[in-house]
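**Student:** Spelled out, the chains give:
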Amino acid sequence: MSAATWLRGAAALLLVAFLAAPQRFAPLFAPLTEYGAPPIYDQGNLALLALAQLGTVCLAAAASTLVAVALGILVTRPSGAQFLPLSRTLVNIGQTFPPVAVLAVTVPLVGFGEKPTLIALFAYGLLPIFENTITGLKTCPPQVLEAAAGMGMSAHQRLRAVELPLAMPLILEGIRLSLVINVGTATIGSTVAAKGLGEVIIAGLLSNNTAFILQGGLVTGLMAILLYDALAALERRVCRRVQFD
Amino acid sequence: MITIESLTKVYGTTTVVDDVSMAVERNSITAIVGTSGSGKSTLLRMINRLVEPTAGRVLLEGSDTRNEPAHLLRRRIGYVIQGHGLFPHRTVAENIATVPRLLGWQPARIRARVEELLRVFQLDPGAYAAAFPHQLSGGQQQRVGVARALAAEPAVLLMDEPFGALDPIIRAKAQEDLLDIQRRFGTTIVLVTHDMDEAFRLGGQVAVMSAGRLLQYDRPAVLLTRPADPFVSRLTGVADRALKLLSLTTAGEAALPGGCEGPQVAASVSLREVLSELVWSGARAAAVLGADGTPSGHLTVAAILARGRP
Chain A
528 MSAATWLRGA AALLLVAFLA APQRFAPLFA PLTEYGAPPI YDQGNLALLA
578 LAQLGTVCLA AAASTLVAVA LGILVTRPSG AQFLPLSRTL VNIGQTFPPV
628 AVLAVTVPLV GFGEKPTLIA LFAYGLLPIF ENTITGLKTC PPQVLEAAAG
678 MGMSAHQRLR AVELPLAMPL ILEGIRLSLV INVGTATIGS TVAAKGLGEV
728 IIAGLLSNNT AFILQGGLVT GLMAILLYDA LAALERRVCR RVQFD
Chain B
33 MITIESLTKV YGTTTVVDDV SMAVERNSIT AIVGTSGSGK STLLRMINRL
83 VEPTAGRVLL EGSDTRNEPA HLLRRRIGYV IQGHGLFPHR TVAENIATVP
133 RLLGWQPARI RARVEELLRV FQLDPGAYAA AFPHQLSGGQ QQRVGVARAL
183 AAEPAVLLMD EPFGALDPII RAKAQEDLLD IQRRFGTTIV LVTHDMDEAF
233 RLGGQVAVMS AGRLLQYDRP AVLLTRPADP FVSRLTGVAD RALKLLSLTT
283 AGEAALPGGC EGPQVAASVS LREVLSELVW SGARAAAVLG ADGTPSGHLT
333 VAAILARGRP
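Going line by line, the protein sequences match chains A and B.
The opening position of the first sequence corresponds to residue 528 in our numbering, with each subsequent residue numbered one higher.
The opening position of the second sequence corresponds to residue 33 in our numbering, with each subsequent residue numbered one higher.
Extracted from the complex, chain A is given alone in its bound form (with noise of 0.2 Å):
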């Protein structure tokens, strides 16, 4: 076994721990707080907050996996090229526009809670996905997509047969990259009273206390590189399918 794959065993074995729990954490944590200030979370249960960070991140990343694949889709086709400059400009909005500034406009639309978070990630995660999958799209060879016509693949037989398979490697990095940043942008949206690790971090920032703090940002760090780690090792698998010579 590589020394990654120990770190990654050590890293999930490490975070399973300390959700399981945390509160056999509680001596290497006292030393952050002070005036016996709790040592551990305890104004709700750490796991089941990582869990509802996680759906939500998931659902976000499901949502924009949805849009962004059949956007990119149609403006690699003939008949949808025209689109690609206005796509394009939406989904870099989509990035560049804070995900805090999206929750402050989102709220008073659809109110407190998972909703502005599940919008402002959807909204956030779209680029990687979306450039992706036209990148994607857009290299594979040209032979194999002429070879793929000559044998009488209707237009729609190549997408699904050819196209998208050769794709998909690109596709699932942009799906991973978009989970990855997600993973840590969800936690603001415990400000909006989503349920999440943030809720952690903004219980030990308004409270002076580091070790709440560390505790949410080291749960919510494990779950990025364990995250990571996971869809690395799939694409892995897809691209030993999908090699050129």
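One or more of the hints may lead you astray.
[Stated by the list, open to error] Listing some non-contacts, in silico: residues in chain B with all C-beta distances to chain A over 10 Å: (1) L104; (2) Q114; (3) Q138; (4) P139; (5) S300.
[To be verified] Pair ranges (Cβ atoms, derived): (6) W312/B - R764/A: 32 to 40 Å; (7) S38/B - I620/A: 52 to 60 Å; (8) G748/A - T46/B: 56 to 64 Å; (9) T326/B - L672/A: 54 to 62 Å; (10) H683/A - E185/B: 19 to 27 Å; (11) Y755/A - L104/B: 44 to 52 Å; (12) L672/A - S68/B: 18 to 26 Å; (13) A163/B - N619/A: 23 to 31 Å; (14) G69/B - R767/A: 35 to 43 Å; (15) T45/B - V632/A: 51 to 59 Å; (16) H683/A - D199/B: 33 to 41 Å.
In case anyone wonders, no lab produced these hints; they're calculated from the structure.
Just so it is clear, CB atoms sit at the ideal spot from N, CA and C, and this is done for glycine as well.
Guided by the hints, dock chain B onto chain A, whose structure is given.
**Tutor:** Frame of chain A, contents of chain B only:
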């Protein structure tokens, strides 16, 4: 039988194919040659409608190719391109099964056909059916490309520079294999190449194109002896045309009755090779062996030389 009638393709103000008419006989190999930009590939691609003609039409066994949707037409026509274009994410077996699957064949029939083709192309099904294209050598990839094109037993096979990416030794073998395949399946083959030797070696008929126009369409020997245009003789080459002419006739075809002393040659070798053998050995005549391995005729140097003149 493919009938091409006044086929023209215009892109903007450029006429790529200019009023080409020709008929391709069933069970024959026709080679289309020309320099790059001569329109030969465009002409080929208009047969299976990868390029839609600006004017003119193509008849396949008498029926207009525009009578059905282009993708359905293409399933009936094999197509091989330079650099094979195999699907990198599919196994060799899946690649070959592409068109039968599109046509909705039963799995058992597809499996049997794939296995048959792998054997025909000297690829052991056990070792290669589950392999991916990148695991094969260039020559093997090319063979899989041809096998894939032939999978649904098309009556017509179109080939666009099919051997262009192969080294000379593998290329010669691939050409040999193609002739075998053509004899075995009786496929009508139209092949585009810029290599005149390849065209002469494979093509029963050769079409010479230049600047979108069909300059001459005839048997190789006629192209050599009666070129219709200075460009045709430039393309076929004047310096060694006598030797080229000799290479178009086999010893069996030219043999004189009665055996003789001297080197023995098979009936299937070309006169060019027999002449070379005679020059090398210093003999005046060679015995031509029949199918049973006994001398069935002979060839003298004078008889060979007479065949190298128009």
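**Student:** All hints, please: hold or fail.
**Tutor:** Checked hints:
1. L104: Per Cβ check, L104/B is inside 10 Å of chain A; nearest 7 Å; violated.
2. Q114: 8 Å, violated
3. Q138: Given a closest Cβ separation of 19 Å, the condition holds.
4. P139: 17 Å, holds
5. S300: Given a closest Cβ separation of 34 Å, the condition holds.
6. W312/B - R764/A: 32 to 40 Å: Given about 59 Å between the Cβ atoms, the range is violated.
7. S38/B - I620/A: 52 to 60 Å: Taking Cβ atoms as reference, S38/B and I620/A lie about 54 Å apart, which means the hint holds.
8. G748/A - T46/B: 56 to 64 Å: Holds: the Cβ-Cβ distance is about 60 Å, inside 56 to 64 Å.
9. T326/B - L672/A: 54 to 62 Å: 55 Å, holds
10. H683/A - E185/B: 19 to 27 Å: 25 Å, holds
11. Y755/A - L104/B: 44 to 52 Å: 46 Å, holds
12. L672/A - S68/B: 18 to 26 Å: About 21 Å separates the Cβ atoms of L672/A and S68/B, which means 18 to 26 Å holds.
13. A163/B - N619/A: 23 to 31 Å: Violated, since A163/B and N619/A (Cβ atoms, about 43 Å apart) do not stay within the stated range.
14. G69/B - R767/A: 35 to 43 Å: 40 Å, holds
15. T45/B - V632/A: 51 to 59 Å: 53 Å, holds
16. H683/A - D199/B: 33 to 41 Å: 38 Å, holds
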